[in-house]
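Work out the full structure, taking the sequences as your base and the hints as a guide.
There are 2 protein chains.
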Amino acid sequence: MHAPAPSALAFVPFVSVQNMMALVNTIGIETVLRELAAYIDADFRRWPDFEKTPRVALHSVEGVIELMPTADAQNYSFKYVNGHPKNVRHGYQTVTAFGVLSAVSNGYPLLFTEMTLLTALRTAAMSALSATYLAPKDAGTMAVIGNGAQCEFQAIAFQAICGINTIRLYDIDPQATEKAVRNLAGRGLSVLACSSSEEAVEDADVITTCTADKQHATILTDNMVGPGIHINAIGGDCPGKTELHRDILTRSSIFVEFAPQTRIEGESQQLPSDHPVTELWQVMRGEAEGRRDAKQITLFDSVGFAVEDFSALRYIHDKIGGTRFFEELDMLADPDDPRDLFGMLRRATL
Amino acid sequence: MHAPAPSALAFVPFVSVQNMMALVNTIGIETVLRELAAYIDADFRRWPDFEKTPRVALHSVEGVIELMPTADAQNYSFKYVNGHPKNVRHGYQTVTAFGVLSAVSNGYPLLFTEMTLLTALRTAAMSALSATYLAPKDAGTMAVIGNGAQCEFQAIAFQAICGINTIRLYDIDPQATEKAVRNLAGRGLSVLACSSSEEAVEDADVITTCTADKQHATILTDNMVGPGIHINAIGGDCPGKTELHRDILTRSSIFVEFAPQTRIEGESQQLPSDHPVTELWQVMRGEAEGRRDAKQITLFDSVGFAVEDFSALRYIHDKIGGTRFFEELDMLADPDDPRDLFGMLRRATL
Numbered sequence: 001m002h003a004p005a006p007s008a009l010a011f012v013p014f015v016s017v018q019n020m021m022a023l024v025n026t027i028g029i030e031t032v033l034r035e036l037a038a039y040i041d042a043d044f045r046r047w048p049d050f051e052k053t054p055r056v057a058l059h060s061v062e063g064v065i066e067l068m069p070t071a072d073a074q075n076y077s078f079k080y081v082n083g084h085p086k087n088v089r090h091g092y093q094t095v096t097a098f099g100v101l102s103a104v105s106n107g108y109p110l111l112f113t114e115m116t117l118l119t120a121l122r123t124a125a126m127s128a129l130s131a132t133y134l135a136p137k138d139a140g141t142m143a144v145i146g147n148g149a150q151c152e153f154q155a156i157a158f159q160a161i162c163g164i165n166t167i168r169l170y171d172i173d174p175q176a177t178e179k180a181v182r183n184l185a186g187r188g189l190s191v192l193a194c195s196s197s198e199e200a201v202e203d204a205d206v207i208t209t210c211t212a213d214k215q216h217a218t219i220l221t222d223n224m225v226g227p228g229i230h231i232n233a234i235g236g237d238c239p240g241k242t243e244l245h246r247d248i249l250t251r252s253s254i255f256v257e258f259a260p261q262t263r264i265e266g267e268s269q270q271l272p273s274d275h276p277v278t279e280l281w282q283v284m285r286g287e288a289e290g291r292r293d294a295k296q297i298t299l300f301d302s303v304g305f306a307v308e309d310f311s312a313l314r315y316i317h318d319k320i321g322g323t324r325f326f327e328e329l330d331m332l333a334d335p336d337d338p339r340d341l342f343g344m345l346r347r348a349t350l
Numbered sequence: 001m002h003a004p005a006p007s008a009l010a011f012v013p014f015v016s017v018q019n020m021m022a023l024v025n026t027i028g029i030e031t032v033l034r035e036l037a038a039y040i041d042a043d044f045r046r047w048p049d050f051e052k053t054p055r056v057a058l059h060s061v062e063g064v065i066e067l068m069p070t071a072d073a074q075n076y077s078f079k080y081v082n083g084h085p086k087n088v089r090h091g092y093q094t095v096t097a098f099g100v101l102s103a104v105s106n107g108y109p110l111l112f113t114e115m116t117l118l119t120a121l122r123t124a125a126m127s128a129l130s131a132t133y134l135a136p137k138d139a140g141t142m143a144v145i146g147n148g149a150q151c152e153f154q155a156i157a158f159q160a161i162c163g164i165n166t167i168r169l170y171d172i173d174p175q176a177t178e179k180a181v182r183n184l185a186g187r188g189l190s191v192l193a194c195s196s197s198e199e200a201v202e203d204a205d206v207i208t209t210c211t212a213d214k215q216h217a218t219i220l221t222d223n224m225v226g227p228g229i230h231i232n233a234i235g236g237d238c239p240g241k242t243e244l245h246r247d248i249l250t251r252s253s254i255f256v257e258f259a260p261q262t263r264i265e266g267e268s269q270q271l272p273s274d275h276p277v278t279e280l281w282q283v284m285r286g287e288a289e290g291r292r293d294a295k296q297i298t299l300f301d302s303v304g305f306a307v308e309d310f311s312a313l314r315y316i317h318d319k320i321g322g323t324r325f326f327e328e329l330d331m332l333a334d335p336d337d338p339r340d341l342f343g344m345l346r347r348a349t350l
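Protein chains in written order, with this note's numbering: chain A, 1 to 350; chain B, 1 to 350.
Hints were generated in silico from the structure; no laboratory data involved. Take the hints with a grain of salt, since some may be wrong.
Copies of the same chain are indistinguishable here, so a pair counts whether it falls within one copy or spans any two.
Unchecked claim - Only pairs whose alpha carbons sit at most 25 Å apart, straight line, appear in this in silico SDA-like list of lysine to any residue:
1) K52 with P260
2) K137 with Q269
3) K319 with P239
4) K52 with I264
5) K52 with G240
Following this line, the structure appears as structure tokens:
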């Protein structure tokens with residue numbers, strides 16, 4: 001008996017890591033970051049349209065595995081993402097991710113894609129997007145403390161979206177800083193390797209913290225943060241993991257993605273659960289103030305939210321149509337008669 | 001510049017629908033069902049080892065999309081599954097699914113697989129497994145009401161695992177019954193097409209209900225259920241969807257997978273939240289009674305639970321090693337230096 005070829009309904013477009021890299025390099029990373037920021041901005045402006053829930057996390061001694069679902073009336077998305085800080089010691093990534101975009105109307109996946117790279121890109125796009133509402137006017141210099149996998153993406157996003165032209169780097173591991181200096185060369189950025197956090201934050205308009213240790217750390221102390229600074233805090237993103245001294249938080253105007261999640265996972269876990277925070281979508285819609293004045297310290301207490309992944313998946317889905325940057329994956333059983341799943345199995349040859 | 005090939009760590013074994021069919025047909029469906037039942041039995045017997053949570057469901061007018069995660073100390077799994085009863089009218093499956101098995105220690109996926117077929121198989125294996133604890137001794141005849149995608153899998157599982165030799169079929173659509181009769185021919189089963197539910201349940205030792213309408217239906221009325229019957233209720237599996245008249249429930253000893261989920265989604269949603277039910281793992285471990293006597297009506301109020309998918313994923317992962325029934329999927333970004341994700345992107349050629 002001859003095995004019939006799967007029907008068109010059986011296939012889901014799949015973007016591999018190789019294809020994601022090719023797609024990003026073809027479009028250009030600056031354009032990708034700007035376009036991702038525009039997709040996130042558009043989705044945050046229609047925030048009430050989304051089903052929102054804190055992510056579903058499984059914590060173990062070694063790390064965390066999370067599922068991050070959300071949906072609007074048309075599309076459903078979820079991301080699988082792990083966070084295992086000790087992975088790097090064994091040659092594995094701290095964070096890997098993949099995700100799916102589906103149609104709400106019939107539940108069928110529309111896109112399956114790697115999201116390790118895509119998460120790095122959307123996180124940087126989200127940071128720079130929020131800074132367009134929160135950073136001081138004419139900000140030119142950004143300190144980046146923690147020069148791991150996220151560092152260069154942050155630098156390039158702030159250059160492309162916010163006009164940052166000087167990057168001051170610090171990491172407890174000088175090799176990480178050297179790697180970032182090397183990777184950021186030749187992009188029109190002035191890049192300085194610093195020997196301490198204190199040196200890195202000198203003259204900085206924006207401070208980005210993106211370290212990976214899963215513990216309560218104090219990457220920034222209170223005396224390091226002068227008036228007018230915007231802090232982009234990326235690394236404190238799960239219970240028990242923070243980067244900023246509590247005193248910085250109480251001096252700052254705090255902006256978050258989704259307060260119920262940030263109060264559990266972000267820097268704000270150090271504060272009482274009724275401490276005032278502003279959700280960014282309200283700022284983007286003009287319903288709340290962003291930066292008020294030149295002296296204000298603003299803090300984006302970033303933990304990453306499912307709507308950002310939804311935007312990123314929607315963007316990739318829009319971009320791959322008509323390109324060679326995806327494969328068709330035989331993911332869905334599609335019998336001729338939907339009720340005849342068994343017949344499909346019986347008729348398949350070995 | 002030459003794009004380096006992805007490293008071994010980038011790849012995740014993927015079992016397509018075609019490969020799942022080939023694997024099942026190579027092993028033989030009866031053996032697969034028996035082995036799946038053994039994996040589920042083994043996992044249910046170590047029930048306290050699992051992280052358990054009701055599934056995360058997004059309900060829409062058209063249907064539901066669910067994520068079903070669970071984990072033990074070694075492995076994490078989740079399944080994506082939709083349920084859209086009107087899909088069949090447009091040539092789509094009511095239920096499609098895929099899933100992932102991961103290592104808890106580093107969060108890396110070990111297996112990505114289609115689960116539409118695998119869910120049909122594990123659901124049937126779970127039903128037959130529970131019947132080994134609950135059905136009357138020497139049960140030979142099973143009525144199957146609802147002859148859609150799940151029907152033949154149930155019949156073959158009860159034959160392979162419980163020794164059922166006679167199947168009495170009924171569906172409101174005679175074409176569905178004809179399809180099931182055709183598919184079950186030549187397997188050593190006596191198969192009868194009946195013209196009503198009442199006719200189907202005559203002389204039945206086991207009644208399986210597996211209809212697909214998303215509503216409160218009454219597939220079985222109280223007078224149709226005599227003493228000593230085992231009811232295997234598959235179709236009532238989300239809020240607002242039931243198949244049995246409430247009076248049957250109050251006459252039955254009710255067995256469930258995970259009570260907090262079944263009370264929301266199963267037939268038991270018709271009962272007060274403190275109505276006594278027994279979780280099957282307790283029966284399997286000998287900590288609770290299954291069937292007590294020949295007169296008792298037993299009811300497996302089945303909704304499907306994440307641990308069954310965990311067992312099924314573990315089984316497929318064990319089976320594909322050394323076979324040709326999977327592809328390697330470039331799902332995970334794996335830079336030479338885990339902190340150098342950007343460098344990996346920069347060095348990739350178009």
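Contradicted hints - numbers only: Of the numbered hints given earlier, those the structure breaks are 2 and 3, listed in rising order.
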